[in-house]
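All chains should be modelled from the sequences, with the hints used to inform the complete structure.
So the sequence lines, in the order shown, correspond to chains P, D and F. Residue numbers are given in my numbering: position 37 of the first sequence equals residue 37, and the series is strictly consecutive. Residue numbers are given in my numbering: position 113 of the second sequence equals residue 113, and the series is strictly consecutive. Residue numbers are given in my numbering: position 7 of the third sequence equals residue 7, and the series is strictly consecutive.
No wet-lab data here; the hints were simulated from the structure. Please note that a few of the clues may not be correct.
Unchecked claim - Derived lysine-lysine pairs resembling DSS-like cross-links, with alpha carbons at most 30 Å apart: (1) P:K87 <-> D:K87; (2) P:K87 <-> P:K64; (3) F:K87 <-> P:K87.
Unchecked claim - These stretches of chain D come out as covered by chain F in the derived footprint (C-beta under 8 Å, 3 or more residues): (4) 4-12; (5) 37-50; (6) 128-140.
Every residue gets a Cβ at the ideal spot worked out from N, C-alpha and C, and that includes glycine.
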Amino acid sequence: MSNVEQRLAEIGRTVPDVVPPVAAYIPAVRSGSYIYTSGQLPMVAGALTGTGKVGAEVTAEDAKELAATCAINAIAAVKSVIGDLDKVVRVVKVVGFVASDPSFTGQPGVINGASELLKQAFGDAGVHARSAVGVAVLPLDAPVEVEIIVEVAD
Amino acid sequence: MSNVEQRLAEIGRTVPDVVPPVAAYIPAVRSGSYIYTSGQLPMVAGALTGTGKVGAEVTAEDAKELAATCAINAIAAVKSVIGDLDKVVRVVKVVGFVASDPSFTGQPGVINGASELLKQAFGDAGVHARSAVGVAVLPLDAPVEVEIIVEVAD
Amino acid sequence: MSNVEQRLAEIGRTVPDVVPPVAAYIPAVRSGSYIYTSGQLPMVAGALTGTGKVGAEVTAEDAKELAATCAINAIAAVKSVIGDLDKVVRVVKVVGFVASDPSFTGQPGVINGASELLKQAFGDAGVHARSAVGVAVLPLDAPVEVEIIVEVAD
Numbered sequence: 001m002s003n004v005e006q007r008l009a010e011i012g013r014t015v016p017d018v019v020p021p022v023a024a025y026i027p028a029v030r031s032g033s034y035i036y037t038s039g040q041l042p043m044v045a046g047a048l049t050g051t052g053k054v055g056a057e058v059t060a061e062d063a064k065e066l067a068a069t070c071a072i073n074a075i076a077a078v079k080s081v082i083g084d085l086d087k088v089v090r091v092v093k094v095v096g097f098v099a100s101d102p103s104f105t106g107q108p109g110v111i112n113g114a115s116e117l118l119k120q121a122f123g124d125a126g127v128h129a130r131s132a133v134g135v136a137v138l139p140l141d142a143p144v145e146v147e148i149i150v151e152v153a154d
Numbered sequence: 001m002s003n004v005e006q007r008l009a010e011i012g013r014t015v016p017d018v019v020p021p022v023a024a025y026i027p028a029v030r031s032g033s034y035i036y037t038s039g040q041l042p043m044v045a046g047a048l049t050g051t052g053k054v055g056a057e058v059t060a061e062d063a064k065e066l067a068a069t070c071a072i073n074a075i076a077a078v079k080s081v082i083g084d085l086d087k088v089v090r091v092v093k094v095v096g097f098v099a100s101d102p103s104f105t106g107q108p109g110v111i112n113g114a115s116e117l118l119k120q121a122f123g124d125a126g127v128h129a130r131s132a133v134g135v136a137v138l139p140l141d142a143p144v145e146v147e148i149i150v151e152v153a154d
Numbered sequence: 001m002s003n004v005e006q007r008l009a010e011i012g013r014t015v016p017d018v019v020p021p022v023a024a025y026i027p028a029v030r031s032g033s034y035i036y037t038s039g040q041l042p043m044v045a046g047a048l049t050g051t052g053k054v055g056a057e058v059t060a061e062d063a064k065e066l067a068a069t070c071a072i073n074a075i076a077a078v079k080s081v082i083g084d085l086d087k088v089v090r091v092v093k094v095v096g097f098v099a100s101d102p103s104f105t106g107q108p109g110v111i112n113g114a115s116e117l118l119k120q121a122f123g124d125a126g127v128h129a130r131s132a133v134g135v136a137v138l139p140l141d142a143p144v145e146v147e148i149i150v151e152v153a154d
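Written out as structure tokens, the structure reads:
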């Protein structure tokens, strides 16, 4: 087990297997020293763990936990490409999309759920640049979607 | 004609010329082995082929075809930088923005229009990581906007 | 002072200091020859210079100036990583998010505020690929958020 997965196990998190989408896209692509993940929804065992707009049907606190689930799924997508997560040398960039009621302006607090989990998983290498935005709606009415770019060792 | 354009011709698609925007940005930039395109709207011969929000004025089926047009325009933007599309070694990343009624949650099906076209054009090299999100509104009231990152041979 | 900052000074713009967010993310990350910035809001001296949705509470003209402020903050984020802004060899990509009333379709004109400032700061190296989209809402009810990717000299 990688050090990354050991650190996650200590906080009760497991990196799931990835079920590749049946489509002309895949969970993650490696190009050179970089892995780009697809946008990850808060799926657990193939089902969304919440739906709705944050600030309306979903609270900011619940959405933060959903963002952590998105981040775990992004880590799983990275693992599907490199196998050993300890090859990640840096989480470079995170974009977090929050399906938001137009009155909800707490997107940074929601996406902190993903950012904090990446820090817990990768330590200093998990500290990244980030954008958080509030969108109208996400696939399957998911409240949060997170994509990441990581740099990996050759 | 590149193999990419021959494959597109077989499915009745033509890569158009690019009219560079009169502004401080351009359709695509090459940096190292990568080309980043600007967000592409479903323009044909300089005019939008549809307007409105998907799930309201625009059906998911029509939006999927508009996403394919966005992808063709992204390919044209790449061609404007490298000339020979057979130099593309991988479509790395696609982001698809769908102007969505807040009740419409089928963004993945819409952006499949772009993903499938990229697969048809580039074969296995066209299989990419992808994010699809539903936004409030897009430039000129376009229903779809697609940007891509491709890796090219040196 | 860098040439970049001299050019900005000539148009009355100053690159501010960066206050790193107290969170598991930072204003910008360098990886290889690239710097990715976090999404930048139109903050001046720690306070937003405007709030609300463009096309409703905020005019397109005011939003364009806010986008320029976002771009200045993105330049500051880059500077926080490399120190000397003259090491920037290319602004590769800009993504501009505009918090938009669903009826407002002038996102490109708003984000021109950022694009034009980057051209003024970096000259031809400031000409980039770009996406502009209209989102439901942004952090702290900011009207505009801008992220950039720049290539830097080794």
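These are the hints, each one checked on the structure:
no.	hint	verdict
1	P:K87 <-> D:K87	holds, 29 Å
2	P:K87 <-> P:K64	holds, 27 Å
3	F:K87 <-> P:K87	holds, 29 Å
4	4-12	violated (count 0)
5	37-50	holds (count 3)
6	128-140	holds (count 6)
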